[in-house]
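Asks: If you read the protein sequences in the order shown, they are chains P and Y. Quick note on the numbering used here: the first sequence kicks off at 7 and runs consecutively. Quick note on the numbering used here: the second sequence kicks off at 29 and runs consecutively.
Simulated from the structure, these hints should not be mistaken for laboratory data. Keep in mind that a hint or two might mislead.
Claimed, not checked - Just the calculated beta-carbon pair ranges, DEER-fashion:
| id | chain 1 | residue 1 | chain 2 | residue 2 | range |
| --- | --- | --- | --- | --- | --- |
| 1 | Y | T162 | P | M152 | 46 to 56 Å |
| 2 | P | P353 | Y | P105 | 51 to 61 Å |
| 3 | Y | Y193 | P | V351 | 27 to 37 Å |
| 4 | Y | Y193 | P | W315 | 52 to 62 Å |
| 5 | P | V294 | Y | A184 | 38 to 48 Å |
| 6 | Y | V155 | P | I84 | 29 to 39 Å |
| 7 | Y | T162 | P | K226 | 21 to 31 Å |
| 8 | Y | S39 | P | P105 | 53 to 63 Å |
Here the structure is a predicted model, which is why all the values come from computation and not from measurement. The beta-carbon is built from N, C-alpha and C at its ideal position, and this holds for glycine as well.
What follows is the residue order along each chain.
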Amino acid sequence: MKKYTFNILLVAFAIGLLFATHFRMIDGYIQIVVMTIGINIMMSTSLNLVNGNMGEFTCGHAAFMCVGAYVSSILSVICFGTKFGDPLLPAASVVVVFPLILLIGGAVAAVSSLLISIPSFKTRDDYLAIISIAVNYMIISAIENMDFVGGSRGFQGMKDTVWAMVDLFDGPWMLFWVINFTIFTVWVIRRFISSTYGKGVNAICQDEVAAEIMSVNTNKIKIINFMVAAGLAGCAGGLYAHIVGYVNPQSFNILKSTEALVMVYLGGMGSLSGAIISAIIFTGLLEVLRSQAIVDGLLSPITFMFPDWEPSAGVIKWVMIPLMLVIVMQFRPEGIMGNRELGDVFPKLKKFYRFK
Amino acid sequence: MMVQTQKQTESTPVLEVRGLTQRFGGLTAVNDFNVKLMPGELSGLIGPNGAGKTTVFNLVSGFYQPTEGQIFVDGKPTAALKPHRVTALGVARTFQNIRLWNDMTVLDNIRVAQHYQLGYGFFHAIVRSKHYRTREEQVAKEAEELLDVFDLKRYAEEMPKNLPYGTQRKLEIARALSSHPKLLLLDEPAAGLNSADAKDLIRLIRWIHETFDVTIWMIEHHMDVMMELCTQIKVIDFGETIAEGSAEHVRNHPAVMSAYLGDENI
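Turn these sequences into a full structure, and let the hints guide you.
Replies: In structure tokens, the structure reads:
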């Protein structure tokens with residue numbers, strides 16, 4: 007029973023959160039922050055699968071989020087929206103169809119990951135990083151030039167699906183889906199990398215030649231690993247699109263990919279719990295630094311010396327966060343958790359949950 | 029138990045190489061190399077530095093595709109097969125410089141080497157089906173047994189990088205054996221070992237040869253190791269086969285002496 011303590015606490019926390027939201031104990035802003043944390047956890051853990059566990063270096067992860075966001079948005083508008091004519095499906099089916107739509111978005115994103123995984127057979131490191139940036143730009147530019155999804159003006163109408171759910175039952179639906187998909191993501195990744203099959207990924211990271219010689223089908227494992235990572239990022243994109251209700255190709259540009267990279271390197275390469283912790287810390291920091299009062303307080307020694315300078319929080323945020331990464335890399339280059347999981351750092355936790 | 033009991037037909041050689049030639053640009057690394065290894069044989073490949081010994085091993089294990097010639101493992105051609113497919117046919121090897129997965133536990137090192145025979149895929153791993161659990165249990169059990177017979181069990185949860193050099197060599201051989209090979213290629217297993225460790229290694233290789241039903245082919249520079257272990261030795265120099273036969277025959281062969289020690293008239 008003790009082994010399941012963590013799972014029970016997790017479910018209790020999720021239900022508590024949903025109830026608190028439903029009975030308006032949590033305001034909309036906190037809700038958005040919680041949902042962003044969920045999406046960032048999905049992004050960082052899935053990127054960690056490629057950059058941490060497999061040791062490849064890709065920095066175009068937002069491209070897959072973009073594919074997932076657009077595919078699931080379009081499907082959702084076709085099924086329940088009015089933008090492309092009458093809704094295809096009855097509004098009552100939305101609760102069943104919506105997760106399927108997200109999964110299809112993820113599946114298409116997974117297929118699009120072949121654009122990176124096939125070149126990765128022959129190249130590594132810097133070259134693969136360049137290819138991944140190229141793929142990020144390719145996908146954004148392709149969507150910007152598709153008029154039927156609004157091109158660079160963006161695409162909207164997904165909120166119809168969310169409203170259809172609210173019409174059925176007035177509750178925090180998006181929070182519900184975000185919690186479910188976040189848990190699903192971590193569950194899939196943990197099971198994958200802790201199986202002997204998935205440990206082939208680690209073997210590729212540590213010595214690809216030895217892995218191939220010792221009977222690991224490296225090309226297949228690479229494809230699968232990229233597909234899982236991209237597919238989960240695609241699901242994250244679909245959720246993001248339905249939370250915001252509007253997608254624009256430029257919201258998935260290199261800056262978004264960099265955010266995911268920062269979270270992975272902050273948390274520690276190859277550490278699943280590190281990726282989760284850093285996603286929470288990173289999103290929290292982004293929100294804290296949004297406040298002008300806090301930024302003014304932090305910078306008061308400097309503004310005292312230069313009274314003419316009026317830093318704006320929106321700009322300073324992007325000075326502070328990269329600076330934090332520089333500092334972390336200087337003093338703890340392996341990231342918060344290093345290559346370890348929570349259970350390795352605090353062995354007592356192992357009693358309540360198997361982290362590996 | 030790890031010991032394989034399958035009866036191989038005496039007629040098919042475990043490894044047959046015909047007219048193997050490998051050119052890198054203008055350089056002919058291996059030229060018209062032929063070998064036939066029968067089941068249960070323990071033979072050697074020697075030659076001065078740069079003679080092409082490791083190239084032969086790289087060709088046999090599928091790491092290079094030969095320019096000319098054919099390789100048959102247990103009667104099956106390995107042309108155009110990726111290295112992991114060749115391993116699945118029954119060829120395992122170790123490396124001159126140890127190539128263990130240093131940040132995975134010793135037990136995981138052994139387990140992952142059985143990757144091709146896991147028999148389950150991604151979805152089984154995710155849903156943890158019954159098939160997955162039984163296979164995973166078998167793999168773990170076999171790995172532990174193998175560590176046990178190699179006397180490495182106390183290191184099971186250690187990282188290989190923290191083990192002494194000689195133990196790493198031993199672990200690499202154990203990892204190669206965990207994929208149930210018919211042919212084991214050892215690339216300079218005694219490199220970097222002192223004479224006491226080398227003696228242990230001789231005992232280890234002889235013990236492997238007796239315990240596991242496996243054909244061993246090894247490259248080695250320590251002549252005493254080769255003389256003691258191998259029934260058949262092949263000598264190559266600049267890619268050409270210059271001598272072959274029993275250890276005694278090879279040792280006194282004039283071509284071998286001149287290859288190793290130089291001609292008198294230089």
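Asks: None of the hints should be skipped; say for each whether it holds.
Replies: For each hint, the structure was consulted:
no.	hint	result
1	Y/T162 to P/M152: 46 to 56 Å	holds, 49 Å
2	P/P353 to Y/P105: 51 to 61 Å	holds, 52 Å
3	Y/Y193 to P/V351: 27 to 37 Å	holds, 30 Å
4	Y/Y193 to P/W315: 52 to 62 Å	holds, 60 Å
5	P/V294 to Y/A184: 38 to 48 Å	holds, 45 Å
6	Y/V155 to P/I84: 29 to 39 Å	holds, 30 Å
7	Y/T162 to P/K226: 21 to 31 Å	holds, 23 Å
8	Y/S39 to P/P105: 53 to 63 Å	holds, 60 Å
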